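Got chain Y sorted already, so can you dock chain V onto it with the hints?
Just so you know, the sequences run in chain order Y and V. Here the numbering used here runs 1 ahead of the position in the first sequence, where the first position is 1. Here the numbering used here runs 39 ahead of the position in the second sequence, where the first position is 1.
Calculated from the structure, these hints are not laboratory results. Just so we're clear, the structure is a prediction, and the values are computed from it rather than from any experiment. Backbone N, C-alpha and C define an ideal beta-carbon position, used for all residues, glycine too. Please note that a few of the clues may not be correct.
Claimed, not checked - Far from chain V by the CB rule (all over 12 Å, computed), these chain Y residues:
1. Gly47
2. Ile116
3. Ala124
4. Ala173
5. Ile174
6. Glu283
7. Asp297
8. Ala366
9. Ala424
Said to hold, decoys possible - Just so you have them, the derived chain V footprint on chain Y, three or more residues with Cβ under 8 Å:
10. 70-81
11. 192-200
12. 307-314
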Amino acid sequence: MSIRRSLLIRGAAAAGSLTLLLGAAACSEDEESGSGTVSVIGTWGGAEQEAFLQMVAPFEEKTGIKVEYTGTRDINAVLTTGVASGILPDLAGLPGPGQMREFAQRGALVPLDDIIDIDTYKAETSPGFVELGTVDGQLYGVFIKAAVKGLIWYNPAHYDGTVPETWDELTAIADEQATGDTAAWCVGLEAGPGSGWPATDWIEDFVLRQSGPDVYDAWVAGEHPWNSPEIRSAFEAYGEVVANSYGGSDYVVNTNFGSAANPMFDDEPGCLFHHQASFITEFFQDEAGASTEDYDFFRMPDINPAYAGAMTGAGDLFGMFNDTPEARALMEYLVTAEAQSIWVGIGGALSGNSKVDNYPDEIAARSAELLAQAEVFRFDASDLMPEAMNNAFWSATLEYTQKPGDLDRILNELDSVRESAYAEE
Amino acid sequence: MNNPLLTSGLVIIGVPAAVVGYILLIEFILRFLPSRIVPRVRPYLWITPALAFLAVFLVYPTIDTIRRSFMDRYSEKFVGLANYEYLFGSKDVITALVNNLLWLVFLTVGAVGFGLLIAVLVDRVKYEPEVKSVVFLPMAISFVAAGVIWRFMYDFRPEVGTLNAVAGAFNAGPIAWLSESPLNTFALIAVAVWMQVGFAMVIISAGLKGIDAELLEAARVDGATEFQIFRKVIFPLLLPTIAVISTTMVIIALKAFDIVYVMTNGNFHSEVLANRMYKELFNVGHFGRASAIAVVLFIAIVPMMIFNIRRFREQEAIR
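Bound-form chain Y, shown alone (with noise of 0.2 Å):
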């Protein structure tokens, strides 16, 4: 007994000192291994983060840098942890400028403007995409793909195509084509964590285009109350798209805003039209089963004529990390028009920058065109505020849906939020 109870104690102290030996010696070939691999992360799963592996593959073919990208819903949370403890990845997909500013300001994010050729890209790039990724004059986000918003989308089969000049106007022709089982709007809110989303790229139109971008830029700043007749007008003309949209406010509430818009498709038609951004058109292929015969779109009208010709629009910010010279070299990468072509040309994707022009279909081409010819430009609002107030909106929208009686009550919430939100900054 005693006899193997001794043996049975040298092996474990050899197996001990073995595993102590080989983590030693795993951890030391790890330090060189680090070199010729760059870590990205970004919130594109499926057919996106397939999109985007095409475009860093010529990337990797001629430099031999091997791109290693993790999709995660949660950026957030990966981030913030990220910052707080060191650990980043070398490149990420920011959640938008507002995010993109706070973590410049606390030092995590590295500065372009030595790393990219920052001339070429203030050439190419349209200013309102580089004005968004500086901060206090240094560049610290640039734009790998870019959407438009605001397009008021329809099937050519159930509308005949006629452009309307204003939004009364195309409330009337809603009127009077939206007959039986039809109805004006499809609208669908529902997106995880960020559902919500779509009803404030729509409140985000109105206040553009009824009150104007002075009002629209100092409500994004935290400078203009929520309670007040501009914004509250804007929540209302939603409210009344809400009022006629196919399946009432719980249908709207439930459905995930990329199948939303499936009625549109149906031969007895369940709406008319649909408000989205030019990224819907890849749902519209996946989710409904269109092809590219099937939808069309025109630009949501101008309210009032002051403010004509206003429009929104979004992008995928990349920021920088870590410093590693394999960092450097993509992301020199990603902002030549070179590699934003290759997205633009799976589809669903457009870019900020002018060299860029191979797109898959007309469709494409011509949002690209209304990006490039705005007259008056907006990145999305939601996107620019601090995050607790993105949520507030976010949250805000759901409720005004449901209950769109208690307007007062959500626009004095979300003023005490703002109090709050903007204050930290």
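What follows is chain V alone, placed relative to chain Y:
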């Protein structure tokens, strides 16, 4: 570490080996100490790894969280009770507190109630093992998996949502289970009850089988009906077991996060404290407020902990 296989091998072999090695080491050291003090010192040396582990991963984070709850967003400036003031003034947090209370009451009553019912009904029945296995099955999956499954069950579209399909069969309109308040909180609690009933049932069943059969025989001989036997004999004897399982359920109710996060993310007034804490920490990035919520939850659980410790002491005393 790049190689996951290497890492897992390291952990699986290395950690037990390290613990065994440590024990051997201190036994070796103890041989050189005077034999009077060896029995007194030995227990402390043996539990040092466990205590160290607890200190680093439990005690230090708790103290640090309490410290951070009195500091500002990035834990740089002392702000006193400002975070707590914000919490108790915030409508969302008050809603979350109320919801946690609902969770506490209805999860405990639901899980223990159904567990008790099933345990008593299938006791001494021939197909008892099969029924217990089926009821216990949901415990095998994670809360997140349960959340995903039940999202489909509650889906608004009758083509997808089972419950709304059934409602459609009775010509009732689709019910918005997850967006209608307060129905949605109860819908979420129902998912948790579904998951935990098996656990409650198994514990209570074990307690049930521990009741002396002679007692029940005696009661029957005295002319008691089955229902009276349950009320006057079985239930009082089961109370200790029910107390144990109830405290467990209360703790689970206060911790509820996964189900809410996956199914509604706290929208439509279904918010709970743990989800709120997650949002404050990761979405808003406010370390102070998130810590304050953690402290509130901690204080809420302390009575349960005291109750449990007292019971353990009583049980030890009996031994």
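Exercise. Is it the case that Ala173/Y keeps its Cβ farther than 12 Å from each residue Cβ in chain V?
Worked result: Nearest chain V Cβ is 31 Å from Ala173/Y, so the label holds.
For this session: Evaluate the condition: distance from the CB of Glu283/Y to the nearest CB of chain V exceeds 12 Å.
Result: holds, 21 Å
Exercise. With a Cβ-Cβ cutoff of 8 Å, does the region 307-314 of chain Y contain at least three residues near chain V?
Worked result: violated (count 0)
Problem set entry | Coverage criterion applied to the region 192-200 of chain Y (partner chain V; beta-carbon cut 8 Å; 3 residues) | holds (count 4)
Exercise. Can we trust that Gly47/Y is non-interface, i.e. its beta-carbon lies farther than 12 Å from all of chain V?
Worked result: holds, 16 Å
For this session: Report holds if the minimum CB distance from Ile116/Y to chain V is greater than 12 Å, and violated otherwise.
Result: holds, 26 Å
Exercise. Taking the closest pair, is the beta carbon of Ala366/Y still more than 12 Å from chain V?
Worked result: holds, 35 Å
Problem set entry | Status of the stated non-contact between Ile174/Y and chain V (beta carbon gap over 12 Å) | holds, 29 Å
Exercise. Should the label of Ala424/Y as a non-interface residue stand, given a Cβ cut-off of 12 Å to chain V?
Worked result: Since the minimum Cβ distance to chain V is about 10 Å, Ala424/Y lies within 12 Å and the statement is violated.
For this session: Confirm or reject the statement that Ala124/Y sits farther than 12 Å, beta carbon to beta carbon, from all of chain V.
Result: holds, 35 Å
Problem set entry | Whether chain V covers the region 70-81 of chain Y (at least 3 residues having a Cβ closer than 8 Å to its Cβ atoms) | holds (count 4)
For this session: Determine whether the non-interface label on Asp297/Y survives the test: each CB of chain V must be over 12 Å from its CB.
Result: The assertion about Asp297/Y holds, with a minimum of 27 Å to chain V.
In terms of the numbered hints stated before, the structure departs from hints 9, 12, listed from lowest to highest.
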